[in-house]
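Using the sequences and the hints, build the whole thing.
Sequential numbering from 385 applies to the sequence shown in my numbering.
Heads up, a few of these hints could be off.
What follows is a set of in silico ranges between Cβ atoms, one per label pair, in the way DEER data are often shown [what the hints assert, rightly or not]: (1) L441 <-> R510: 44 to 50 Å; (2) G476 <-> P545: 19 to 25 Å; (3) R532 <-> S420: 36 to 42 Å; (4) A519 <-> D426: 46 to 52 Å; (5) A412 <-> D516: 44 to 50 Å; (6) H573 <-> E397: 32 to 38 Å; (7) R474 <-> A411: 25 to 31 Å.
Simulated from the structure, these hints should not be mistaken for lab results. Heads up, the beta-carbon is just placed ideally off N, CA and C, and yes, glycines get one too.
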Amino acid sequence: MKHAKVGFLMTDEVVSVLGGTPSTDVAALLVEHDISGVPVVDSDERVLGVVSRTDLLVQGHLTAEDLMTAPAVTIHAEQTVTEAARLITRRGVTRLPVIDDEDRLVGIVTRRDLLRVFLRPDHEIRRVLVEDVLADTMRIDADAVSVRVVDGVVTLAGRLPKSSQIPVALRLTGQLDGVVSVVDRLTAHSDDTRTRTRTAPLDRGTEETSP
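Take a look at the structure:
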């Protein structure tokens, strides 16, 4: 199963500034390009931080390095858009500078960019789920599972051959781009899960003696 990568979604023509750029010049760039923030980089294009419109509200003759939020929350081009979306939500940011293996700036991805992926139509989510996840990846008969998708919420109902397949199906479904949540109504023909009895290890501080 394939996931959309950040590299295919990012904007590679990034407006950035050096640490010594005056705050007035940063503000002018934001207005000129109609953007809400810019990455701050060093002379080798390595990301140092990010300056947003909010940062520029601070009064005084300051530079980008004085105002930036650091360290920057970044992501790599080969990571998935799902990872990017979770990172943006968890860290409360609106944009992620995209970096290479040497931390150099190669692009930027915004919350708006990610929304384009997560607004995937329900019928497309269902098609990918049935064909790629259930049929190709899990080798499950199409008739075994009923798949319903409404506003990104997926309901899986039916009976799988083995109980161990249920958590796998739920996990793979939840990882699919565009899926908001998963409702589990699956059962199984057979229970192939085994409960292992764990025994406490022998206390190494004592010796086992014969009766």
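Hint-by-hint comparison with the structure:
no. : hint                      : verdict
1   : L441 <-> R510: 44 to 50 Å : holds (46 Å)
2   : G476 <-> P545: 19 to 25 Å : violated (43 Å)
3   : R532 <-> S420: 36 to 42 Å : holds (38 Å)
4   : A519 <-> D426: 46 to 52 Å : holds (49 Å)
5   : A412 <-> D516: 44 to 50 Å : holds (47 Å)
6   : H573 <-> E397: 32 to 38 Å : violated (54 Å)
7   : R474 <-> A411: 25 to 31 Å : holds (29 Å)
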